[in-house]
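So our numbering is basically just the index in the sequence shown, starting at one, shifted up by 170.
Bear in mind the hints are in silico, worked out from the structure with no lab data behind them.
These figures come from a predicted structure and were not determined experimentally.
You may find that some hints are simply not true.
Unchecked claim - Derived EDC-like pairs: lysine to aspartate or glutamate, alpha-carbon spacing no greater than 16 Å straight-line:
id : residue 1 : residue 2
1  : K879      : E786
2  : K521      : E441
3  : K736      : E786
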Amino acid sequence: MSRRRHRKPETKRSKPKPPELRKGRLKPEQIRMFVPVVAALLLAGAPFALGKYIEFNRPGPYDSPANVYSAQHILSGAKLGVDEQTSAQPGTLLVNIIGVKLFGFNETGPKMIQALLQAGALVLLFYTVRKIFGALAAIVSATVASIYLSAPVIAKVGNVKEQYMIAFMVAAACCFILYQSGGKCRLAVLAGAAAVNTCYFKATGASVIIAIAVFAPVQPMLRRRTWRQCFVDFALLTGGAVLGLCPIGLLYLWQGQLAAFFRTFPFRAAEIVGPPAAIVVAVSLVIIVCLRCRLWRRLRKVRPWIWIAGLSVIVATLIYSILRILLAEGYIAGEVVSYLKDIPFVKLFLKAKELFEIARLKLITMQKGYIGGSKAIYGAAEQAAKVMRYYGVLKVPVLLAAGAVLAGFARLVMRLLSGRGKAAEPVERFVLLLGVWWLLDMAFVWISPRSYEQYYLPLNASAAMLGGYLLWLYSRRLARAVHKGGWILAGGIGILLMIIMSSPIFIGLARSPDTGILYEDMPGYPPRMRGFAQSLEAVAQRRRGRIGPWERAGDYIRANSTPDDKIYVWGWVPGIYVRARRLSPSPQAFESEMHVKSPAALRRKVEQLLNCFQEEPPRFIVDTRKQHFPWGKTLPLELWPQLKKDTFLPWDEKTIAQYDAFYSKVLLERSGPDEVERYKAMAPFRRYVMSNYSVVGRDFGKHVVFVRKAGKTD
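Take the sequences, apply the hints, and build the full model.
Right, dumping it as structure tokens:
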């Protein structure tokens, strides 16, 4: 017998893993995911970190400390609207209350909250733009937004209402876009909550609300969504808005000012827009129902003689009723008109007309006051020149957004002219939302003639997102091109142009966007100003011990007073309060409208101040002598007139009368009769200071610090 041979069992040889599956190697899809994230972190994170470094190391003398002061005053027991008449909007005030509660009477807490909100908004912007327009668009959009929202030329030094508002605007737009792209319903709720809160930082936050309100009903018109889905969208947004009102409502409830809560901007806007919108929605529903039921076709089948007979009956009944009224005993003139107005269809038309007229009158009323008074002083030509100069400073985001709008319009026209009925790409529908948002942001800077630099912040966020569409078009062309060299060269040239155009943001501006004058032609100014480089140099100077005059004034007051002492700062330099860690006896702690208020209003303001000082005299009074709005057209309304350096007007009735006559003549020639009356309205305040205070003989720049005389009683 042959020996049986046993084969060794074959062992399966393991095939070598592909390179992308080996340990330590990334898959191609992982590379495609992480490379844009890393690029965005480097390109967008660097200017953002630089901006935050500057903000945290440069305390602001104006808006930021004004918000901090109001928060501290309320936390100290003051009641909003009674003991504290704040200039901060409700949302800004709430953020500052939280920040001051956590970090004390300084700007650190609010600035940290702002940094977190901004970082979250940039991340959400990057994620949303990447989802709809691709990786390249996301990197560029996030970078442009980061650079220009952190740019010292418009960003100030942080803790300003526009920066908070922008974070919520971006959140609202991104959440709604993600929801429309197939996201869950909670995204629409979040969009509604974020959108309504934009108006609690500044009313111009309504731009994103209007953009969403325009975009949503257009989608069923273009057959992108059904009308039922559209109504669901608005229901979710409305529910989110109601939830979004809760934090601000709790603030007003805590302060016992719930009635004031219902007078805030969203409610006032709802009163104006609500009734006309309800009419439009009702008419739209009727039209939709009629179209779905094919009512028009059915009505056309009715025989003409039936229409004629019915109309004849209606006319005959109307004539009979009018004749009865005219022939009745005790007829009063106007009864026929009253009867006609009571006819249901006529009454409905007249009611709609009345609602639109009420809305128009309310809009006119809103234009008065702060804005109307400013327009009376600052001309349209001056405002236009200034706005265009700021547009020039922001040329990169403005040109990106304008290019996206033109490209979208051109593609729409080409589709219509081709006659093939080719539908747009699904992501292109969001150009409408982003375009309306950006155009409104561009337009809203024209509302107020003051045009402060921070007014130009919002348009950069909407422009950055809208500009992503232009990058999406470029990416598509590059991917489809057979010969890519030309497209790559064009992209490189575009990036180079963006770097060149944005360079003044980093190295500084040669010309002031406010005045249009070259800095080198202005005495005491360097050739370039207001860039990242100059801001970093200012931080370095502070670290070497060089601080501003307002900070020196605050330090002196803090060192020579107790926490229970009160002070008062005349003029718009609220930073002195925060630097000194002291509060004011007046509910309105600072004044910036002394040259805009009517003489009668300024007189009442002075009376209120002196009444507060009678109850609790401030230990220090600071005359900032800051020339606020209108710039360069007025002279300071001094609390103690200064004849020359270190020489003040003597406390002598005859000398004071002579000086008043002389200064009134100067004001009449320079600013007009109203400014003379304002100077006269200030007379009781000047007398109070001159009789109860003495000048502190220290160098505080143009600021003058007065200390109360020892043993002095009012």
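Quick rundown of the hints versus the structure:
no., hint, verdict
1, K879 to E786, "15 Å, holds"
2, K521 to E441, "15 Å, holds"
3, K736 to E786, "8 Å, holds"
Violated hints are absent here; each numbered hint is respected by the structure.
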